[in-house]
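**Q** Sequence:
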Amino acid sequence: MKHLHEIVSHFDIEGSVLSVEPLGSGLINDTYRVATDGPRDYVLQRINHAIFRDVDLLQRNVSLITDHIRTKLEARGETDIERKCLRFVPARDGKMYHFDGECYWRVSVLIPRSQTFETVNPEFAYHTGKAFGDFQSMLVDLPEPLGETIPNFHNMEFRLETFRQSVQDDKAGRLAEAQWLVDELLVRADEMCRAEQLHRQGLLPKRITHCDTKVNNMLFDEEGRVLCVIDLDTTMPGYVLSDFGDFMRTAGNTGAEDDEDLDRVGLDMDIFRAFARGYIESARSFLLPVEIELLPYGAKLLTYMQTVRFLTDYLDGDTYYKIKSPRHNWQRSLAQFRHLQSIEEHEAEMLDFIRQLL
Numbered sequence: 057m058k059h060l061h062e063i064v065s066h067f068d069i070e071g072s073v074l075s076v077e078p079l080g081s082g083l084i085n086d087t088y089r090v091a092t093d094g095p096r097d098y099v100l101q102r103i104n105h106a107i108f109r110d111v112d113l114l115q116r117n118v119s120l121i122t123d124h125i126r127t128k129l130e131a132r133g134e135t136d137i138e139r140k141c142l143r144f145v146p147a148r149d150g151k152m153y154h155f156d157g158e159c160y161w162r163v164s165v166l167i168p169r170s171q172t173f174e175t176v177n178p179e180f181a182y183h184t185g186k187a188f189g190d191f192q193s194m195l196v197d198l199p200e201p202l203g204e205t206i207p208n209f210h211n212m213e214f215r216l217e218t219f220r221q222s223v224q225d226d227k228a229g230r231l232a233e234a235q236w237l238v239d240e241l242l243v244r245a246d247e248m249c250r251a252e253q254l255h256r257q258g259l260l261p262k263r264i265t266h267c268d269t270k271v272n273n274m275l276f277d278e279e280g281r282v283l284c285v286i287d288l289d290t291t292m293p294g295y296v297l298s299d300f301g302d303f304m305r306t307a308g309n310t311g312a313e314d315d316e317d318l319d320r321v322g323l324d325m326d327i328f329r330a331f332a333r334g335y336i337e338s339a340r341s342f343l344l345p346v347e348i349e350l351l352p353y354g355a356k357l358l359t360y361m362q363t364v365r366f367l368t369d370y371l372d373g374d375t376y377y378k379i380k381s382p383r384h385n386w387q388r389s390l391a392q393f394r395h396l397q398s399i400e401e402h403e404a405e406m407l408d409f410i411r412q413l414l
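Heads up: the sequence shown is residues 57 to 414, going by our numbering.
Derived by calculation from the structure, the hints in this document are not laboratory data. This list has only true hints and no planted wrong ones.
Calculated pairs, DMTMM-like style, for lysine to aspartate or glutamate (alpha carbon to alpha carbon, straight line, at most 25 Å):
#1 270 - 347
#2 140 - 130
#3 186 - 287
#4 262 - 123
#5 186 - 347
#6 128 - 277
#7 270 - 401
#8 151 - 123
#9 128 - 287
#10 378 - 158
#11 270 - 326
#12 378 - 217
#13 262 - 112
#14 262 - 110
#15 128 - 347
#16 380 - 314
#17 270 - 316
#18 270 - 319
#19 227 - 217
#20 270 - 405
#21 140 - 123
#22 262 - 337
Produce the entire structure from the sequences given, and follow the hints as far as they go.
**A** Take a look at the structure:
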């Protein structure tokens, strides 16, 4: 860890470093807890430059987001703001990151007495929905535009273009087995590009969205109350239905993302109702009618998109996602498609519930 101590020395932290230890189990960035003899501890992260190619843009985004949220919280008269908003520490050269010649690093203040949860029940789903709705609401009037940290991340037309090319190339020789699923996905393709079509028509706006709405991207206090939204790297212009849909894709699934027993996979309506109730409560002030109507469609869209992405990687020979076995991406594709079918079966019921909330 000696190298990490040297990295931390480039940042304007208070106190001397006592230890640097691994923190959490994130899949994208390497994260460490920095203990000091000063008034606070810190979080050191190695930014995954293979995914986030423009580190200047990335760190500018998160600085704009956190500064704006802090201003909003202060205007509300919130207390304990240091635990309700992330704060990044500048490097000694004034930049919001340090480049050591090979890797990019950043430091933020560790939020004390906080915890995350991996499992979801209706209570946490409600609080998570309310927090993500509030997160979007606070950023509606962000004075400066954010850049796309991952271009076309939730652009379905782009994902389908890539998918069709993978089907055509069949690099791994797997198309024959997967043809039935390819056909199922392509027959839905036009419908699943509806968001992009509505945006071009000027009917569906882009907001500032988190793009990774999982319950473990929330910090809770000792009593289980929400403190703040974390993991802001994918926060960028997008559709609110994407954030809503991504939570339904992950937390709203009664099975696992790669479940081998497809009978376990399906939409958990209790989780949906709880999340929708919390989300509408805090986001209703700025949502347009078209955005509200499209929330169930968002659940369908994000699950469809992930099915396409898993199957694309399977056809390409597993070049993007980490796999546990040669058929892991195929099993992921099957499980996501089953979840998609369940969402389609419940779509009318979901929309009825949202209309009742209004």
